[in-house]
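Visitor: Sequence lines, in order, name chains S and V. The letter at position 5 of the first sequence is residue 4 when you use numbering that gives the first Met the number 0, and the numbering goes up by one with no holes. The letter at position 2 of the second sequence is residue 1 when you use numbering that gives the first Met the number 0, and the numbering goes up by one with no holes.
Treat the hints as calculated values from the structure; they're not laboratory data. Check before you lean on any hint, since a few could be wrong.
[Claimed, not checked] Cross-link-like lysine to any residue pairs, in silico, SDA-like; alpha carbons within 25 angstroms at most: (1) Lys-52(V) <-> Thr-23(S); (2) Lys-101(V) <-> Thr-132(V); (3) Lys-52(V) <-> Ala-24(S); (4) Lys-52(V) <-> Ser-106(V); (5) Lys-100(V) <-> Gln-22(S); (6) Lys-100(V) <-> Gly-42(S); (7) Lys-76(S) <-> Ala-99(S); (8) Lys-100(V) <-> Thr-25(S); (9) Lys-52(V) <-> Thr-25(S); (10) Lys-52(V) <-> Pro-137(V).
[Stated by the list, open to error] Just so you have them, the derived chain S footprint on chain V, three or more residues with Cβ under 8 angstroms: (11) 21–27; (12) 73–83; (13) 115–125.
Model, not experiment: these values are computed from the prediction. Where a beta carbon is used, it is the ideal one built from N, C-alpha and C, also for glycine.
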Amino acid sequence: MNANRILATMALIAGVAGAASAQTATQSVTFQVDAINQISFSGSPSLVINTATAGSAPTSATAGATWAVTTNQTGAKITASIGSAMPSGLTLQVNLSAPAGATSAGAQTLSTTAVDVVTSITKLAQTAIGVNYSLAATAAAGVVSSTSRTVTYTITGGT
Amino acid sequence: MSTRAIGAQTITVSGNPGLLRISTAVAGSQPTSVSDATRTFTVNTPPGGGGAKYNVSMNIDANMPAGVTLTATLAIPAGSAATATPVALDVTPRLALSAIKKNYTGSATMTYQLAATAAAGVVPVSSRTVTLTIVLAP
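Only chain S is shown next, with the shape it has when bound in the complex (with noise of 0.2 angstroms):
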């Protein structure tokens, strides 16, 4: 009698122990990241010249925009162009505040030909960067109408 209860205690004992083990299934996930580089400008900044002081060059006209990045990328740089020339006697400034830890070039006059306006953009996201405008024009440029540019920012992947 002793010996079958000892006996049913131990089976018992054993199958606890069963269930209690570990039982395991196992999956292989596989994952990349690509290059990613990608910048968008907020606002369209108008730009009015409508001022002189007597005896100088007309006033020039400044307004803002914001830009942001993200780049997963090291040294990426941004360029700058517009898709046509500006009216003889104008010229058109961007000013690009640099993210953290990059370099603005500072104000670069905006032509057909691109231009850098900021370098050594490495790994971040941000956002709300200011951007500045700057028209200026001379006497000579006479009355200019309503016109309109597109400036086109290409951001290019560093390494």
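Starting from the structure of chain S, add chain V where the hints point.
Guide: Same frame as chain S, now just chain V:
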């Protein structure tokens, strides 16, 4: 004999998820995460054992690269009475599904989400082995 009635809990999966590939972002935001919910898992728990309940934990064989997060979410199998917790996977087993009732068999979807910060940089194709373990809850 009680040993025959209790048996052992099991867990199986329906194969490997597809490639998780991050390739874009909204400018100013971190890269856009991606997910895969094409696979399922099946759990089986034995009868008996009083108020026995079972837990599923998950871990990977090597930590993810810095700035890259692989999160697994196990949906709750219908009628299992379990609770689920999304798990950011690393080498430490972490509880993904808890308190599955005894004497239960059921399946549900498993979702993997891959997230990366910009600081993570470019990550070439890599893989991790995910281990799902079902044990008797303490």
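Visitor: Going through the numbered hints above, which ones does this structure break? Give me the numbers in ascending order.
Guide: Violated hints: 6 and 12; rest satisfied.
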